[in-house]
Amino acid sequence: MSNLYIELTNFTEWLLGLVAALLDWTKLGFLSDFGDWLQTAPVVDFVSTLLVAVIFLITAMMFGLCFIWQERKTLGRFMDRRGTQVGFLGFFQNFADGIKVILKEHIVPKDSDHLLFELAIFAYLASTFMLFGCIPYSDNFYVIDVDLAVLLGIAIFAFGPFSILIGGWSSNNKFTLIGGMRAAAQLIALEIPLLLCIVSVAVLTGDLSFVGVVTWQEENIWLIVPLCIGALTFFIAAIGESERIPFDLPEAEAELVEGWATEYGDVRWGLQMASDYFRAYILCGLFTMLFLGGWAGPEFIWAEAWYLSKTFIVFFFFIWVRAATVRIRTDQILKLGWRRLLPLAVVNLLIAVALKVAGVF
Amino acid sequence: MVLTGTLLFFLIFGALTIGCAAMVIISKDIVRSVVWLAATFLGVAILYVFLNSEYLFLIQILVYVGAINVLILFGIMLTKRRMVGGDACEEYEQNIIKRRRSK
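So the protein lines, in turn, are chains A and B. Position one of the first sequence corresponds to residue 13 (the numbering used here), numbered consecutively onward. Position one of the second sequence corresponds to residue 112 (the numbering used here), numbered consecutively onward.
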């Protein structure tokens, strides 16, 4: 059990005890009974889990926003300019953007499939926010630590292409349809090498929970050393999965206006745009967990700080790739996914199996 | 038979799954059918949780919702639009054709 849960369970017990005392003070029989019911174990568990989820959601979204800020500033430096200047070091640009998109009107296209139009963006955003819960920050700060945590994350990722395709179709616009098709084809093509890299990690560590994988790396070696091919493949596939610039076909501005999200306005579009960064954050977190030893590091700063600094460094490389490359074509992306990355991932899996069989680790 | 919490949830999710499966056939719009099919697969995945097989639950979501549904959607969207009945886009086009003919 993580410290976060223990602290918050104590806090919830205190809070519900306070509410129950207040209800008792009214001297009404049924309210006192309700107060007693509030203090039972299932209710306390439920409320503390809810608190953990809210805290985790807010922290993860804040780090996602930091990623946007980091991208703006670093990209500015790559292009020999200063980047955003709004507020302290440009921190307030995100908040200005957020207020702007919240104040916009919600517009549904006349000939669109209204129900699916609303449902698709909801499914996309919900799957993004669910992913936050899968990534632990340290062995004391996490939401869930199940045996199949890595697989759970990948399974939630699988909702992405489906909701994108439905969203692109229901907008009833050829640009969104083409964008949706491209997004789905690309995500499917790059998911296979991604999964094979995760399989190689699972073969070596013999574990699919993040805590297990990181503990193995603490005891032995960071997996980027034996599985450098896999790390490279995972890195390229992760850039493609988060639809960032060399692979940003789904929202190629010059061809497709804004890709599958063209018809979305207001806060839905704002959250969709932000969720690109949230997904990039999650993939950077996955890379850190699987190949860079997660929160392992010398103990002069917190474990969470180690994890986050490694994540930010991985994201710096994402930005570097974005600044250095141009967009690739649709046929090239499939060729890259199936003919280059897939064999590399298989070779990496072979290396992992060979190391395991030879008993090196 | 005692109605425990687990059994109650099992019945709810089972009924939802059957309802979604029926909607796949009833629905007139073929893309909506695929969405209902996704809901059916999710329902089946949740039923696996009641059988204490979390691995199968995750693989069901990964393979069926993530891959097979997308494959079916691709199949629908890459075939001729005239063949399927009654999606919003097609009705709109047919209205235009009718208007042109009436002129």
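Rather than coming from a laboratory, the hints here were simulated on the basis of the structure. Check each hint, because a few of them may be wrong.
Computed from the model, here is a short list of chain A residues facing chain B with C-beta under 10 Å [claimed, not checked]:
1) F58
2) F169
3) F171
Covered by chain B, according to a simulated footprint, are these stretches of chain A (three or more residues, beta-carbon under 8 Å) [as the list claims (entries may be wrong)]:
4) 159-167
5) 177-189
Glycine included, each C-beta is placed from N, C-alpha and C at the ideal position.
Hint check results:
With 10 Å as the threshold, the beta carbon of F58 of chain A stays out of range of chain B, its nearest partner Cβ sitting at about 14 Å, so the hint is violated. About 8 Å separates the beta-carbon of F169 of chain A from the nearest beta-carbon of chain B, less than 10 Å, and the hint is met. With a least beta-carbon distance of about 7 Å to chain B, the hint placing F171 of chain A at the interface is held under the 10 Å criterion. Only residues whose beta carbon comes within less than 8 Å of a beta carbon in chain B count, and the stretch 159-167 of chain A has 6; three or more means the coverage holds.
Residues of the stretch 177-189 of chain A with a Cβ under 8 Å from some Cβ of chain B number 6, which satisfies the need for three, so the listed coverage holds.
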